Amino acid sequence: MKAVLRFVFWLIICELVVIVQFFIIDFFPYPFNLINFIFVFLFLLFIFTTVVKTIWLIIPISLILESFSSSFFAAGSLAFFFSLLIVGFLLFKFFTSHSGFVVLLSSTLGMILFHVFYFLFSNAINVAQKKDFLWPVGDFFKESAWEISFTSLFITTIYVLLLKFNRRFNPSYIYKNEKK
Amino acid sequence: MTGINNKKKVVFFLSVFIMLIFFHFFGWLDFVRRGLRTVVVPVSSFLHKSGNQIKNAYSYFSGNDEFFKNYSQCLSESQSKKFLESKVLILENEKIELEKQLNFKEKKSIQSVGAYVIGKGIENAEKILIINAGIEKGIKVNQPVITGDGILIGKIIKVDAEISSVRLINDNQSKIAAVALNKDGSLGVVEGGYGLSVHMNFIPRNETILNGDKIVTSGMENEIPKGLLIGAIAAVKNELYQPFQQAIIVPSADLSKIYLVSVLLTN
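Chains as they are written, first to last, in numbering that gives the first Met the number 0: chain A, 0 to 179; chain B, 0 to 266.
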């Protein structure tokens with residue numbers, strides 16, 4: 000019963016994340032409407048919880064997003080998966096300090112990797128379906144640059160704010176001190 | 000030990016994921032997608048409508064000078080259009096007479112399906128609208144989508160049971176065979192540019208096109224009938240070393256504020 004409730008809870012969270020993304024697309028002016036809130040959510044969850052929990056959530060989110068995208072289901076979800084996996088490897092093996100600067104750097108790298116993988120996978124599917132290979136030209140780089148910079152800054156800001164609450168207002172520190 | 004467990008979990012996830020891709024390819028995940036969409040689609044439709052209303056309200060209050068300038072321009076254009084309407088009426092009557100004399104059969108009018116726009120595409124690199132009409136209403140891929148009286152805004156690219164995706168004419172992957180309403184009847188291809196511009200390419204260099212010339216569909220594509228208005232030419236690029244001319248087009252419809260469309264059931 001607890002597992003079922005947990006499953007339903009995470010499904011509702013996935014739906015809410017997609018709804019927030021639509022809110023950003025429809026209400027924010029250009030270029031702020033380019034923030035990729037789904038990547039923000041997955042990346043922050045990735046840092047504060049476990050790798051496995053985060054990558055399982057990619058499946059329901061991708062299934063919902065697929066109805067609102069012209070690309071194939073696998074392209075976006077595989078891009079999320081591999082970009083988060085590589086960034087996770089770097090965060091837990093090399094950049095272990097998890098300071099705000101490291102989060103900014105890793106989120107920027109994660110977004111760049113996401114775009115690269117998305118471009119590769121969606122074009123691989125186009126080629127497999129005998130469609131044209133789409134080369135990125137002109138404004139593609141400008142729009143991607145806006146998206147990467149705003150998303151990374153947004154992640155870093157939220158991370159720094161959450162860290163203050165997580166450390167300062169975490170009651171477990173009080174209990175640990177009392178036990179001593 | 001923890002590292003090995005994590006690696007096993009990641010490999011397990013990847014295998015489950017690949018299996019899901021196959022299930023999705025065969026359509027076995029459609030009921031799951033439909034279930035997940037039932038919550039998201041009404042909310043996205045409400046957000047899209049509210050977003051458009053806010054943008055309209057903002058532009059009403061912020062652009063008063065431009066509003067009055069556009070208003071006076073509209074007034075002068077409507078006067079010249081009244082004259083053109085009368086000319087068109089005369090030409091239509093002549094056409095009917097000629098067809099009768101040549102025993103032409105009347106063309107059946109194309110059926111259309113109305114739909115509301117319930118959201119935009121989630122990817123920023125693509126300019127896509129989601130409409131609340133799908134296979135159930137007879138919609139198929141490559142059917143043209145219009146707004147107003149016949150202004151082409153895009154084509155259907157993906158169809159589900161209840162919703163469809165429309166690729167707008169300013170999307171990078173959009174290509175439409177078009178003709179300019181000038182004395183040469185210049186043919187070309189209207190292509191989008193990542194939502195920021197619409198160009199007409201492959202216009203022969205020896206043909207004269209001018210700013211303000213209207214661009215309509217040429218009818219050379221099977222599913223798109225001739226005569227759907229696309230836009231008007233705003234600038235022309237004619238360079239000596241290029242084999243073709245290029246024109247920048249201003250679409251006749253405001254592609255950022257569309258909420259009601261019609262899909263022409265041409266195939």
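Please keep in mind that the hints were generated in silico from the structure rather than gathered at the bench.
The structure displayed is predicted, hence computed values, not measured ones.
Glycine included, C-beta positions come from ideal geometry on N, C-alpha and C.
Honestly, I wouldn't trust all of these hints.
For each label pair, taking beta carbons as the anchor points, the in silico distance ranges come out as [unchecked claim]:
id : chain 1 : residue 1 : chain 2 : residue 2 : range
1  : B       : Val15     : A       : His97     : 25 to 31 Å
2  : A       : Phe88     : B       : Asn69     : 51 to 57 Å
3  : A       : Val3      : B       : Gly137    : 36 to 42 Å
4  : A       : Pro28     : B       : Glu98     : 20 to 26 Å
5  : A       : Phe88     : B       : Gly211    : 29 to 35 Å
6  : A       : Pro28     : B       : Leu90     : 29 to 35 Å
7  : A       : Pro28     : B       : Phe24     : 51 to 57 Å
8  : A       : Phe164    : B       : Phe25     : 22 to 28 Å
In the DSSO-like style, the derived pairs of lysine-lysine whose C-alpha atoms are separated by at most 27 Å in a straight line are [to be verified]:
id : chain 1 : residue 1 : chain 2 : residue 2
9  : B       : Lys157    : B       : Lys94
10 : B       : Lys7      : B       : Lys182
11 : B       : Lys182    : B       : Lys236
12 : B       : Lys174    : B       : Lys94
13 : A       : Lys92     : A       : Lys52
14 : B       : Lys94     : B       : Lys182
15 : B       : Lys48     : B       : Lys213
16 : B       : Lys80     : B       : Lys139
17 : B       : Lys68     : A       : Lys141
18 : A       : Lys92     : B       : Lys7
19 : A       : Lys52     : B       : Lys157
20 : A       : Lys130    : B       : Lys7
21 : B       : Lys236    : B       : Lys174
22 : B       : Lys6      : A       : Lys52
23 : B       : Lys225    : B       : Lys68
24 : B       : Lys136    : B       : Lys6
25 : B       : Lys8      : B       : Lys157
26 : B       : Lys94     : A       : Lys129
27 : A       : Lys130    : B       : Lys139
28 : A       : Lys129    : B       : Lys157
29 : B       : Lys182    : A       : Lys141
30 : A       : Lys1      : B       : Lys48
31 : B       : Lys48     : B       : Lys225
32 : B       : Lys68     : B       : Lys94
33 : B       : Lys94     : A       : Lys141
34 : B       : Lys6      : B       : Lys48
35 : A       : Lys92     : B       : Lys8
36 : B       : Lys81     : B       : Lys225
37 : A       : Lys130    : B       : Lys157
38 : B       : Lys86     : A       : Lys130
39 : B       : Lys81     : A       : Lys129
40 : B       : Lys139    : B       : Lys225
Practice task
Return the numbers of the hints above that this structure violates; sort them in rising order.
Solution key: Structure breaks hints 4, 5, 6, 7, 8, 9, 10, 12, 15, 16, 17, 19, 20, 23, 24, 25, 26, 29, 30, 31, 32, 33, 34, 38 and 39.
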